[in-house]
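As they're listed, the protein sequences go chains W and A. Just so we're aligned: the first sequence equals residues 17 to 436 in the working numbering. Just so we're aligned: the second sequence equals residues 2 to 304 in the working numbering.
Honestly, the hints are just simulated from the structure, not real lab data. Treat each hint with caution, since some may be false.
Derived CB-CB ranges, DEER-like [to be verified]:
| id | chain 1 | residue 1 | chain 2 | residue 2 | range |
| --- | --- | --- | --- | --- | --- |
| 1 | A | A153 | W | Y206 | 26 to 36 Å |
| 2 | A | L83 | W | E251 | 38 to 48 Å |
| 3 | A | K59 | W | E132 | 35 to 45 Å |
| 4 | A | L83 | W | K172 | 49 to 59 Å |
| 5 | W | E132 | A | I35 | 40 to 50 Å |
| 6 | A | P193 | W | Q268 | 53 to 63 Å |
| 7 | W | G66 | A | V127 | 31 to 41 Å |
| 8 | A | G71 | W | E260 | 31 to 41 Å |
Derived DSBU-like pairs: lysine-lysine, alpha-carbon spacing no greater than 35 Å straight-line [claimed, not checked]:
| id | chain 1 | residue 1 | chain 2 | residue 2 |
| --- | --- | --- | --- | --- |
| 9 | W | K338 | W | K151 |
| 10 | W | K334 | A | K51 |
| 11 | A | K205 | A | K298 |
| 12 | A | K298 | A | K84 |
| 13 | A | K51 | W | K143 |
| 14 | W | K151 | W | K334 |
| 15 | A | K59 | W | K151 |
| 16 | W | K151 | A | K51 |
| 17 | A | K84 | A | K64 |
| 18 | W | K334 | A | K59 |
| 19 | A | K59 | W | K143 |
| 20 | A | K51 | W | K332 |
| 21 | W | K143 | W | K332 |
| 22 | W | K338 | W | K143 |
| 23 | A | K114 | A | K298 |
| 24 | A | K64 | A | K51 |
| 25 | W | K301 | W | K186 |
| 26 | W | K332 | A | K59 |
| 27 | W | K172 | W | K191 |
| 28 | A | K51 | A | K84 |
Nothing here was measured: the structure is a model prediction, and the numbers come from that model. Heads up, the beta-carbon is just placed ideally off N, CA and C, and yes, glycines get one too.
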Amino acid sequence: MLFNFKKTVVAATTSTLLATGAFAGSHALSGDLVIFSDMSNPAPRAVMEGMIDRFGAMHPNLNIDLTVIDRENMKTQILNFTSANAPDLTNWYAANRMIPFVDAGLFEDVSDLWAEDEFVNNLASTKGALTLDGKQWGIPYTYYQWGVYYREDIFKELGLTEPTTWAEEKANCGKIVASGRACYTIGTKYLWTAGGWFDYVNLRTNGYDFHVQLANGEIAWTDPRVRQTFANWRELIDMGAFVENHQTYSWQESLPFIVNGDAAAILIGNFAVAPLREAGLSDDKLDFYQFVSINPDVAMAEDAPTDTFHIPSLAKNKENAKEFMRFVVSAENQTLINAGNALGQLPINAQSAVDDDEFLNQGFAMLSTNSPGGVAQFFDRDFPAEMAGIGMEGLQEFMVFPDNLEDILNRLETARADIY
Amino acid sequence: MSATTQHIKAKPLWNKQKLMPWLFLMPGILFFAIYVIFPIFQSFNISFYKWSGLGEPKYIGLKNYVKLFGDRAFEISLWNNLKWLVLYLLAIPTGLAIALFLNQTVTGIRLYKSLFFFPFVISQVVVGLVFTWFYDPTFGLLNTILTSLGFAPLNVLGDPTLVTYGIILAGLWPQTAYCMILYLTGLNTVDPDQVEAARLDGAKGLRMLWYIILPQLRPATFIAFVVTVIGALRSFDLVSIMTNGGPFGSSRVLSFYMFEKALSEYGFRMGYGAAIAVVLFAIMMVFIVYFLRAMYKQESEPR
Chain W
17 MLFNFKKTVV AATTSTLLAT GAFAGSHALS GDLVIFSDMS NPAPRAVMEG
67 MIDRFGAMHP NLNIDLTVID RENMKTQILN FTSANAPDLT NWYAANRMIP
117 FVDAGLFEDV SDLWAEDEFV NNLASTKGAL TLDGKQWGIP YTYYQWGVYY
167 REDIFKELGL TEPTTWAEEK ANCGKIVASG RACYTIGTKY LWTAGGWFDY
217 VNLRTNGYDF HVQLANGEIA WTDPRVRQTF ANWRELIDMG AFVENHQTYS
267 WQESLPFIVN GDAAAILIGN FAVAPLREAG LSDDKLDFYQ FVSINPDVAM
317 AEDAPTDTFH IPSLAKNKEN AKEFMRFVVS AENQTLINAG NALGQLPINA
367 QSAVDDDEFL NQGFAMLSTN SPGGVAQFFD RDFPAEMAGI GMEGLQEFMV
417 FPDNLEDILN RLETARADIY
Chain A
2 MSATTQHIKA KPLWNKQKLM PWLFLMPGIL FFAIYVIFPI FQSFNISFYK
52 WSGLGEPKYI GLKNYVKLFG DRAFEISLWN NLKWLVLYLL AIPTGLAIAL
102 FLNQTVTGIR LYKSLFFFPF VISQVVVGLV FTWFYDPTFG LLNTILTSLG
152 FAPLNVLGDP TLVTYGIILA GLWPQTAYCM ILYLTGLNTV DPDQVEAARL
202 DGAKGLRMLW YIILPQLRPA TFIAFVVTVI GALRSFDLVS IMTNGGPFGS
252 SRVLSFYMFE KALSEYGFRM GYGAAIAVVL FAIMMVFIVY FLRAMYKQES
302 EPR
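Assemble the whole structure, with the sequences as input and the hints as a guide.
Here's what the structure looks like:
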């Protein structure tokens, strides 16, 4: 799918020429800017197109070409287009997902951007996620919190309050199960949802640094601390906390359970709020709490995956691409594209305003004040791709057959020896 | 006419007859070479390397193959492929049975035939989705029926021991229709005189089928066998749609595993993927060689 934006940009330009004339006179770019984007879902796509309209209006002589690639297809196509016929900008993910491209020299080092005042002052929180080998390889444009989204009305009905400790969590869950419901809905057909559970139980049991070491292959899967994580997780599994047959459902297919009230909560990213609202859960029925603390000695750390832009090394118009990056991270643009009526996520610029939304507010507060341990990306972004694939398969098996744990851990340990 | 003129005339004719077929075949051969033959050798080559698809491939000799033998996921895929191969062949007798049943002249038979043929026309993706909903452990038709009959509900696609059979059953639906249509056309060519003669000799029922009809259907059986075996070995779409290889990899087949290792989100191991592809190719080659030989023999037989 190729969407040529030249026309739109020209149209937008004529209408706003007077307004932006002064600015365009001094900074205006010319030439081309080719962007490959994976923002293919309706809302992200509108955001991407909106950004190009506004950027185009600022630079009337710039030809912007946008190609929107399906988000899943992007994951394989990026291999091809970064090594030949590269665009000037491409979407991708932060953290270890960048490694293959950085190692192969296919991503441009943009450390100079990160040395600029705007980045130093307002983007410090995501700098780590974009850093490999002490250099920065791209810029973030949005991130979102993970946590427990629960049915407020069911909690009220059963007289439950938001738990903060593992004991409270289990007590709550016991009551929910006794009422004939599952505590959590989950769909593990595509595996990564199980990765979310492992991340949280592990972050709370062993902490952020342990998560990073495990992801980097520095800790054996058969380590007693890893076993402790699984033992904690198993307490919930043995209670019947999770919906049955979750291995046959995608995360979307698992939502009806919480919507129908067969499950009381779901551990997922903020992207699930939109479909849950659409399915009829208004804000008085749906609420959010931070995943409870398990080991009190461990600082709270969260999963907050960051989506990014990168410049391929083979790009032809790198200066134009960098200017677009500055535009993307600017406080004003960040406020606009992460608003509830756009992406509905969190802005990465500290000067941006968070849209007044129940879940965005709670997520923002949680990540800015109550995540002292650090911010992880996600199981399948922090672990190398192959380890993540094999690992999440083991996690799914564990959720269905907890007794297979020994076998699973040995298998993961063999994979670890092989992959790193 | 003198001998010289004949000679002059004959030579271009000989050339034409030798050359023209090749000229006509040229585009096909060219594309076949570029898109099929060349990639086969390329895969062989890549399977000796460790390569992420980016950067420089590293030569590691036979290590990818050595690793395959210790890889449990590969073993599961291989066994599943075997299950596919054996059970998929059920499409041939079922297809024959339906074809025999439909091979009669009643009002509306064309409609019945099209209805039976329908699953082959719709895309495999749709077949996969239909069966996924049928098997759905919570809302699916299968469990509604099972529980109303007093049986325990089944989660076919979530049970590592059942899942492959569940997918094969879904695959049999369109494949049976395909075999049926092959046999229906075959039945049209059955010689009525022979059937008449056999009837006079007192042949009926199964004996008629076995000794008179089936031998005449041999070409149809052969083609049905070929397409079913190839279909079983390249089963991919249904696995990908219905289970994504799961639960925990228990429904993988070789083609799916290859895709996962080399091209999927968690793959990027081109060399290893290529090694799986080579193994699959070797298995297919056994059948392909057999088919080609059989076809060659058939064609060189005097009619």
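Hint-by-hint comparison with the structure:
Checked against the given bound of 26 to 36 Å, the beta carbons of A153 (chain A) and Y206 (chain W), roughly 27 Å apart, stay inside it. Checking the proposed 38 to 48 Å range against L83 (chain A) and E251 (chain W) shows it holds: the Cβ atoms sit about 40 Å from each other. In this structure, K59 (chain A) and E132 (chain W) meet the distance hint of 35 to 45 Å, their C-beta atoms being roughly 38 Å apart. Here the CB-CB span from L83 (chain A) to K172 (chain W) is close to 55 Å, well matched to the stated 49 to 59 Å.
Here the CB-CB span from E132 (chain W) to I35 (chain A) is close to 49 Å, well matched to the stated 40 to 50 Å. Between P193 (chain A) and Q268 (chain W) the CB atoms are about 57 Å apart, so this pair conforms to the stated range of 53 to 63 Å. The hinted range of 31 to 41 Å is satisfied by G66 (chain W) and V127 (chain A), whose Cβ atoms lie roughly 36 Å apart. Our hint of 31 to 41 Å for G71 (chain A) and E260 (chain W) holds, since their Cβ atoms are close to 34 Å apart.
For the proposed pair K338 (chain W) and K151 (chain W), the alpha carbon gap of about 16 Å is at most 35 Å, so the pair holds. Simply put, K334 (chain W) and K51 (chain A) have alpha-carbon atoms about 32 Å apart, close enough for the 35 Å limit, and the pair holds. At most 35 Å may separate the alpha-carbon atoms for a hinted pair to count; K205 (chain A) and K298 (chain A) meet this at roughly 32 Å. Pair hint K298 (chain A) plus K84 (chain A) holds up; C-alpha atoms about 30 Å apart against a cutoff of 35 Å.
The straight-line distance between the Cα atoms of K51 (chain A) and K143 (chain W) is roughly 32 Å, inside the 35 Å bound, and the hint therefore holds. With a C-alpha separation of about 17 Å, the suggested pair K151 (chain W) and K334 (chain W) falls inside the 35 Å cut-off, and the hint holds. Restraint check for K59 (chain A) and K151 (chain W): satisfied, since their Cα atoms lie roughly 26 Å apart, inside the 35 Å limit. Restraint check for K151 (chain W) and K51 (chain A): the C-alpha separation of about 27 Å stays at or below 35 Å, so the hint holds.
For a cut-off of 35 Å, the pair hint linking K84 (chain A) to K64 (chain A) stands: about 28 Å separates their Cα positions. The suggested pairing of K334 (chain W) with K59 (chain A) holds, with an alpha-carbon distance near 31 Å, which does not exceed 35 Å. Among the hinted pairs, K59 (chain A) with K143 (chain W) is consistent with the structure: their alpha-carbon atoms are about 33 Å apart, no more than 35 Å. For the given pair, K51 (chain A) sits about 30 Å from K332 (chain W) by alpha-carbon distance, which is consistent with the 35 Å threshold.
For the proposed pair K143 (chain W) and K332 (chain W), the alpha carbon gap of about 25 Å is at most 35 Å, so the pair holds. The hinted pair formed by K338 (chain W) and K143 (chain W) meets the criterion: a straight-line CA distance of about 16 Å does not exceed 35 Å. Our distance criterion of 35 Å between C-alpha atoms is met by K114 (chain A) and K298 (chain A), whose separation comes to about 33 Å. With a CA separation close to 9 Å, the supplied pair K64 (chain A) and K51 (chain A) stays within the 35 Å bound.
Annotation: proposed proximity of K301 (chain W) to K186 (chain W) holds, straight-line Cα distance about 22 Å (limit 35 Å). With a C-alpha separation of about 29 Å, the suggested pair K332 (chain W) and K59 (chain A) falls inside the 35 Å cut-off, and the hint holds. A threshold of 35 Å between alpha carbons decides the hint, and for K172 (chain W) with K191 (chain W) the separation of about 12 Å falls inside it, so the pair holds. Between K51 (chain A) and K84 (chain A), the direct Cα distance comes to roughly 31 Å. Compliance with the 35 Å bound is thereby established for this hinted pair.
Violation of the numbered hints given earlier is absent; every hint is satisfied by the structure.
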